[in-house]
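Undergrad: Starting from the known structure of chain U, fit chain D onto it as the hints suggest.
Protein chains: 2
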Amino acid sequence: MFSLENAQSLLNQIAFAARCGVTVEALERGYVRMRMPFGPNGNHIGTMYAGAQFTLAELPGGLIALSSFDMSRFFPIVKAMNIEFKRPASGDLITEVRLAEADIQAIEAQARSAGKADYGWLCELKDESGEVVAQSQNLYQLRRR
Amino acid sequence: MFSLENAQSLLNQIAFAARCGVTVEALERGYVRMRMPFGPNGNHIGTMYAGAQFTLAELPGGLIALSSFDMSRFFPIVKAMNIEFKRPASGDLITEVRLAEADIQAIEAQARSAGKADYGWLCELKDESGEVVAQSQNLYQLRRR
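Protein chains in written order, with the numbering used here: chain U, 7 to 151; chain D, 7 to 151.
If we strip away everything but chain U, and leave its shape as in the complex, we get (with noise of 0.2 Å):
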């Protein structure tokens, strides 16, 4: 299974994700909790880069693999991301992804005989206070080694 400390040892092997600053606070199988720090993320008008957003969407796609399928036989891709962006972001934005495992007994099954299965999900990132300032709808694929 793959640990906490496993995870943001991949993170920072992703160089665009490591000079984010980006985190991994929490990881089980089904569940990760990330925040993107605002430090190093701000724009020229004060408030976090669009991109540092999406990223913060993005990466939980691929640790939610990590820690939910067989990596041995299987590997995650992103095909997707429609991303809203709903106010302007001042602080550290935080998200949380949820995989049922019920979802990922039918996604990984699926993988299994068909080579690919498709998985996704709604993603918020909230700030400190808990609002919202973007959402996406990620959609990601497992594929068959």
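The hints are simulated quantities; they were obtained by calculation from the structure and are not laboratory data. Fair warning: there could be bad hints in the mix.
All copies of an identical chain are treated as equivalent in the list; a pair is satisfied when it fits inside any one copy or across any two copies.
Stated by the list, open to error - Listed below are the simulated BS3-like cross-link pairs for lysine-lysine, each with C-alpha atoms no more than 25 Å apart in a straight line:
1) K92 x K122
2) K85 x K132
3) K85 x K122
This structure is a prediction, so every number in the text was calculated from the model and none was measured.
TA: Relative to chain U, chain D alone:
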């Protein structure tokens, strides 16, 4: 009028964009061409991380605004982006965006009278051979200061 040098200097003020090494190769009223280098943006499986592709697709929205609208009276925000990843990117990516003169005038006229006007386009990200590796539907809004 916003020059190529002004544009690159502005990008360098967005730390997130500067870290990616993205460059503005051409900028005119209603036209921008940008490049995202592969080097600093690879992921753990040797392709360009999705967040770098998003960033290349998003940035033209602001640069086209700067080169086309009166920035002393208006400013742009990004409202939404739907991005679809079509194939792995293993080298630099390039994007070109055009906004027709009639559209520039109509958007600015609406922002002047209504206080805001949406604008956007379909954005293609191409590799050096001209293959489309990702495409996005981008929605921005021009707002009166």
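Undergrad: Now tell me if each hint is right for this structure.
TA: Checked hints:
1. K92 x K122: Between copies only: 16 Å across chains, 33 Å inside a chain, cut-off 25 Å.
2. K85 x K132: both (23 Å within a copy, 16 Å between copies)
3. K85 x K122: within (12 Å within a copy, 32 Å between copies)
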